[in-house]
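One line per chain: the protein sequences are A and B, in this order.
Counting from 13, one number per residue, gives the positions in the first sequence under my numbering.
Counting from 7, one number per residue, gives the positions in the second sequence under my numbering.
Everything labelled a hint here was simulated from the structure, so no lab data went into it.
We put the beta carbon where it would ideally sit given N, CA and C, even for glycine.
Be careful, since some hints might not be right.
What the hints assert, rightly or not - Pair by pair, the computed Cβ-Cβ distance ranges are:
no.: 1; chain 1: A; residue 1: Glu65; chain 2: B; residue 2: Ala8; range: 16 to 22 Å
no.: 2; chain 1: B; residue 1: Gly146; chain 2: A; residue 2: Gly174; range: 41 to 47 Å
no.: 3; chain 1: A; residue 1: Lys22; chain 2: B; residue 2: Gly40; range: 49 to 55 Å
no.: 4; chain 1: A; residue 1: Lys22; chain 2: B; residue 2: Glu24; range: 41 to 47 Å
no.: 5; chain 1: A; residue 1: Ser281; chain 2: B; residue 2: Gln19; range: 50 to 56 Å
no.: 6; chain 1: B; residue 1: Glu38; chain 2: A; residue 2: Ser281; range: 43 to 49 Å
no.: 7; chain 1: B; residue 1: Leu92; chain 2: A; residue 2: Asp276; range: 49 to 55 Å
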Amino acid sequence: MAVRKGRKMKPFQYLHPTSLDEAVGLLHDLGRDAVVFAGGTDVIPLMRVGALEPQVVVDVKRLADLHELQQDNEGRLHIGAAVTVRELECSTVVGASYPALATAAASLGSYSVRCRATIGGNVCRASPSGDLLSPLLIYEAEAVIRGPGGQRSCPVSQLFVGPGQTSLEVDEVLVKLVLPAAAPGWHSAYTKHSPRRAMDLAVVGVAAAVGPNGSEPRPIRVALGAVAPTPIRATVAEQEWMARGPLPWDEVGRLAAAACRPIDDLRASADYRQHVVTVLVARMLHSLAN
Amino acid sequence: MAGIAIRFTLNGQLTDLEVQPHHTLLKCLRDELGMTGTKEGCANGDCGACIVLMDGKPVNACLVLAAEADGHDIMTVEGLAQGGKLHPLQQAFLDHEAFQCGFCTPGMLMTAYGLMLENPHPTPEEVRFALAGNLCRCTGYERIVAAVVATGEREDG
């Protein structure tokens with residue numbers, strides 16, 4: 013990709029299909045000449061610097077299938093890919109049953125950006141620091157995807173394959189995320205560690221959940237953003253906890269940090285990120301457990 | 007490149023226009039519709055100077071393609087005053103001296119207006135949080151927040 017300094021997007025054609033099949037057909041025919049467009053809050057800045065130079069922009073906001081925000085009869089929450097971050101921020105069911113996702117939504121960008129940015133965009137952009145992503149990992153969301161061959165589902169974790177890279181084919185559209193029904197007695201939270209309280213990327217993002225008393229040890233889930241090429245579950249820490257727990261929370265923090273592969277960049281050093289993980293994981297688990 | 011015909015409501019007026027697919031709503035408002043109240047600060051969604059309301063919600067016009075306005079309701083700062091009378095928010099900005107150069111002001115007004123459509127009596131914290139995407143280099147923000155809070159406290163506001 014040739015990144016240029018610039019302020020104008022190169023001309024492209026704008027299409028707005030009205031059915032999923034039409035959209036998939038367009039993407040299949042156009043291949044890498046097309047880019048999927050929803051909120052535009054990432055795609056337009058990328059087009060302005062030449063990181064994306066599509067011939068055709070395919071606006072998916074007219075696809076009704078992508079706007080669902082509804083619980084089904086089993087209590088699972090279906091979130092269409094075009095649901096805005098603002099809708100998630102303000103949703104009572106998200107706030108009540110998936111608080112880490114609500115907090116993450118409120119922390120993204122700014123009020124006006126959230127009114128356009130979509131969960132599908134955050135997922136498909138697959139930024140290692142994407143705010144909505146570590147909450148989706150602890151809630152073990154499923155991604156529903158439509159392609160020329162039909163519909164398929166996979167754990168959302170399988171979508172993230174590298175920084176800014178998903179496993180989606182060029183002719184596939186993310187339709188929705190499905191979050192399992194919130195199990196009783198679980199407490200969850202998201203912390204975005206960043207210099208500014210708004211309009212910033214996470215230097216470290218932590219989504220954590222603690223399950224009910226009853227089993228020994230209580231189950232925990234931890235997912236981390238901005239400390240690896242993709243958002244990650246702290247699987248080793250969780251497994252050690254189940255095998256040897258309960259452990260001191262500090263020890264869990266250290267185990268989570270040991271599994272990170274952070275980088276030095278202009279926002280923070282790898283060492284700093286590693287340290288922040290140990291602190292935040294311990295602090296959050298302690299708080300959620302009490 | 008062939009234009010796209012769009013029809014949308016601008017400050018209450020039905021508007022027909024042909025737009026280039028790669029032009030933003032910001033460019034269209036300023037260059038084709040003469041709505042120069044909306045400003046270009048960063049063209050990247052970071053500064054908030056270009057904020058307008060789209061179907062009652064604040065959006066960065068630099069991040070909306072002009073073609074996307076089709077079928078929607080757009081409100082710019084020019085739409086705040088009615089019949090030559092300033093909107094209470096605008097009056098409050100005057101009363102509280104909530105501007106210096108004025109460049110951020112249209113975006114501030116539109117974000118605040120959008121906030122108050124959902125939350126008519128915001129607290130200072132709620133105002134600050136809503137205005138987090140609106141940068142001001144002149145005022146230090148205090149009088150802007152005070153003006154918005156005061157507008158919400160008016161009994162007829």
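Structure-based check of all given hints:
no.	hint	in the structure
1	A/Glu65 x B/Ala8: 16 to 22 Å	holds, 19 Å
2	B/Gly146 x A/Gly174: 41 to 47 Å	holds, 42 Å
3	A/Lys22 x B/Gly40: 49 to 55 Å	violated, 26 Å
4	A/Lys22 x B/Glu24: 41 to 47 Å	violated, 20 Å
5	A/Ser281 x B/Gln19: 50 to 56 Å	holds, 54 Å
6	B/Glu38 x A/Ser281: 43 to 49 Å	holds, 48 Å
7	B/Leu92 x A/Asp276: 49 to 55 Å	holds, 52 Å
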